[in-house]
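Trainee: Here's the letter readout for the chains.
There are 2 protein chains.
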Amino acid sequence: MHVSEIDTPALIVDLDIMERNLARVAAYSREHGLRLRPHTKTHKSVRLARRQLASGASGLTVAKVSEAEIMAGAEPADLLIAYPILGAAKFARLIEVARRTTVIVALDSVFAAEQLSAAAAAAQVEIGVLAEVDAGLGRVGVAPGAPLLGLAQAIEALPGVRFRGITFYPGHIKSVDEAGLRAIAEVSALLDGVRAEFAGAGIALEIVSGGSTPTLFHSHEFAGLTEIRPGTYIFNDLNTIASGGCALEDCAASILATVVSTARPGHMIIDGGSKTFSSDRLANPAEVTFGRIVEAPAARFHKMNEEHGFVDLTKAGEEFRVGDRVRVIPNHICVAVNLHEKVYGLRGDTVEETWTVDARGKLQ
Amino acid sequence: MHVSEIDTPALIVDLDIMERNLARVAAYSREHGLRLRPHTKTHKSVRLARRQLASGASGLTVAKVSEAEIMAGAEPADLLIAYPILGAAKFARLIEVARRTTVIVALDSVFAAEQLSAAAAAAQVEIGVLAEVDAGLGRVGVAPGAPLLGLAQAIEALPGVRFRGITFYPGHIKSVDEAGLRAIAEVSALLDGVRAEFAGAGIALEIVSGGSTPTLFHSHEFAGLTEIRPGTYIFNDLNTIASGGCALEDCAASILATVVSTARPGHMIIDGGSKTFSSDRLANPAEVTFGRIVEAPAARFHKMNEEHGFVDLTKAGEEFRVGDRVRVIPNHICVAVNLHEKVYGLRGDTVEETWTVDARGKLQ
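Just so you know, the sequences run in chain order A and B. Everything in the first sequence is counted per the working numbering, starting at -1 for the first residue and increasing by one. Everything in the second sequence is counted per the working numbering, starting at -1 for the first residue and increasing by one.
I should point out that these hints are in silico values taken from the structure, not numbers from a laboratory. The structure displayed is predicted, hence computed values, not measured ones. Just so you know, even glycine gets a beta-carbon here, dropped at the ideal spot from N, CA and C. Treat the hints with caution; some may be incorrect.
Claimed, not checked - Straight-line C-alpha distance at most 25 Å; calculated SDA-like pairs for lysine to any residue:
1. B:Lys340 / A:Pro142
2. A:Lys313 / A:Asn303
3. B:Lys340 / B:Thr352
4. B:Lys301 / A:Gly134
5. B:Lys340 / A:Ala90
6. A:Lys301 / B:Lys340
7. A:Lys301 / B:Thr352
8. B:Lys301 / A:Ser173
9. B:Lys301 / A:Pro142
10. B:Lys340 / B:Gln362
11. B:Lys301 / A:Ile182
12. B:Lys301 / B:Ala281
13. A:Lys340 / B:Asp14
As the list claims (entries may be wrong) - Pair by pair, the computed Cβ-Cβ distance ranges are:
14. B:Arg22 / A:Glu3: 23 to 33 Å
15. A:Ala75 / B:Pro263: 35 to 45 Å
16. B:Arg45 / A:Arg97: 34 to 44 Å
17. B:Arg45 / A:His170: 36 to 46 Å
18. B:Lys313 / A:Leu179: 47 to 57 Å
19. B:Glu317 / A:Ala187: 44 to 54 Å
20. A:Arg193 / B:Ala296: 34 to 44 Å
21. B:Glu3 / A:Pro157: 45 to 55 Å
22. A:Pro157 / B:Glu317: 41 to 51 Å
23. B:Lys313 / A:Gly148: 21 to 31 Å
24. B:Arg45 / A:Glu73: 32 to 42 Å
25. A:Ala296 / B:Ala90: 34 to 44 Å
26. B:His0 / A:Gly136: 32 to 42 Å
27. B:Arg319 / A:Arg193: 43 to 53 Å
As the list claims (entries may be wrong) - Sample of chain B residues lacking proximity to chain A, with all beta carbon distances greater than 10 Å (derived):
28. Ile68
29. Ala120
30. Ala221
31. Ala296
32. Asp356
Assemble the whole structure, with the sequences as input and the hints as a guide.
Mentor: See below:
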């Protein structure tokens, strides 16, 4: 099948670029002795999770129990659910996953730990736990110092769960410029302090899990880090470029779209909007735009309705006709993938394989 | 099943409110002699399309051929695809739908009309066509006057297709304030002019299809309008309230979410973000927020990651604990529904029925 035969809008992936992205991060992890546990939220596909495991990953990360159920199908050595799990329905399903593979859960409250412990103990399974520390984002995670140590000690005292270490997400570091490097050093100092406190309390930190997409290739600068869990790197997107985490030629995924209207002079409408790209804006926008038109980089994809993409061509230096096709690199690939049922993997202009977004819309 | 047994995050619908919304718009349409052809993009469910047809709708609207394939299952008398269809793959599928029910396509270029005509004529089916006129939004639609008349004449001359009338979407009218009423009058004058031109040219306008959510209950003020195709009215959302199109008590749909972290004082994290609500902002925001917390209307749901909702409680006057549940009315229900596999229909606090979002993610 040739790319021109794909019906639009469609999510397409350049396999050469994707494979290069996988190899680069696997090599980086090996070089720095970091365990690689990719976050599968970006691709949500068992097939790509298997490829990550085959190319150097030693475990997988998910955000939801429903994703864990699906990603257990990739047969990872272990599976981190990087999200506080609550509620009887989720615990029952989590325990079934834990009967298939080693499961670790990240959490930040004694309440969540107690609930998990009760469920695991009653089912006679053991579930690993990472205590989440807030490294500066103010999302989930307790403060370092007494709150973190207290949480770890509470987990250690509970049956059915095993304290494995700590986790953090430095999402407040948006790019690795001078301020970003300072922020990495601050998080590193925070981790130094945590390790000293835990050593003093006689609690082993088998796992220190962390990192983020902008800081990916600086992960070795976080003191004592044992594993990273990057997600976006498999495809990359405009936000990754803006953060300094990749170059344009590292973007593997784009949306193939068709021009459906040129009735308004100097503008065109493409057959994808917020239900195709998501309405995620750029993380640090100079102006509001929703993607880069590969065939006309100076065009402004400035507005969307659900199924309409508004592209201003007045400065594009290109003209398009109804029926023409364009490729659009999205702002944020993780939310865009989640809108598609199927992905086309291209070698050059030939569709070499297709795959389903298995964990698409798995919210619980 | 009680609402407290639903696993979160989940899309829940108050059936009493939904039924009232359906009845109100059916009564309005009857009163003003307007044909009601609801846009199913909002709910994407065959079950709800059947309910719309049973409660006064005489046809259905969709945006994509894939949605048409699914909504044909609701057995509408006719089906409008309010989107320019292009490409052999879509034409082949469209023709199969046209063998099951009357199909009408909206388009705005002679190119799209010729392509559709060739496909329909070769398959020996007849497909209705509406010529789209730009009423001020600058999305799809040709200018009124010679471009519109010329498009209609071109359609009339083609085999396999039958010119049925015109369509417009006054999406530039964001609310029915004084400026909005003036804009409705301008569109109405535009339609008067179009009707006079078409009468002069001897072309019948069997269908004049138009309207929008903000202008819904002013549809009768558009001169010569024969049908409306509202979508959002079945559920409503914060944008509908902001446009003046409904009140808070008319919002039938909300997201049920669980508090997963209160580690940061004065804030909480709920278990839904951009993959649960979509990242659509309010159409006319005073500030960036992503939903109204029913249990704490003064809370600010100000930020999202994919699976995390950040809620600032510093002015909320309410406190929450990990494990508590809240209902959140989203900014834009159409894109939120598209992220969910399943919907829970509640009568009071009891789940009376559930349904699937059948056309979820149908992009082609």
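Trainee: Taking each numbered hint in turn, which are not upheld by the structure, reported in ascending numerical order?
Mentor: 1, 6, 7, 13, 14, 18, 19, 21, 22, 27
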